[in-house]
Amino acid sequence: MSMDGKTLEQIRETLLERRKRIDRLAERAAEEPDTTINPPPAEIIDIAQGLEQGDRDAKLHEQGRQELLAVERALSKMSTGHFGICEDCGEEIPARRLSVLPQARLCANCQAFEEKRNFRRMTAAR
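Every letter in the sequence shown is one number past the one before it in the numbering used here, and letter 76, counting from 1, is 77.
Treat the hints as calculated values from the structure; they're not laboratory data.
Here a beta-carbon is modelled for each residue, glycine too, at the ideal position from N, C-alpha and C.
Be a bit skeptical, because a hint or two may be false.
The calculated DSSO-like cross-link candidates involving lysine-lysine, where the alpha carbons are at most 30 Å apart (straight line), are [said to hold, decoys possible]: (1) 21 with 60; (2) 78 with 7; (3) 60 with 117.
The following label-pair restraints were derived from C-beta to C-beta distances [unchecked claim]: (4) 122 with 57: 23 to 33 Å; (5) 83 with 28: 47 to 57 Å; (6) 65 with 11: 21 to 31 Å; (7) 50 with 98: 32 to 42 Å; (8) 124 with 63: 35 to 45 Å.
All chains should be built: construct the whole structure from the sequences, respecting the hints.
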């Protein structure tokens, strides 16, 4: 069962909106001064809190970068006609899944398998 044009266009618009949101967040983050490199004179606790905030900001930046890459990948797949196809099994990803997670690369079954495999790797590395 192939996705209809209206559903595909709605998903495309969702992806474009996500890309705009990520770009706006990145612009705001770039405008904020970085006080973690040369913090103003302060108490040790203030410096520690500033470093923690810097770490959180770095993690958020990386998450935003990863989401932007996923959105760009999905938009590229739309333009080449490969959107909505599971990268592992080659089956069509249901429109309901893509409506919720438009940058999905895998069908729900393959995603569950991937998450189990990653969990096993993480626990084995400990």
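Which earlier hints can't be squared with this structure? Numbers 5 and 8 - these are the hints that the structure violates, sorted from lowest upward.
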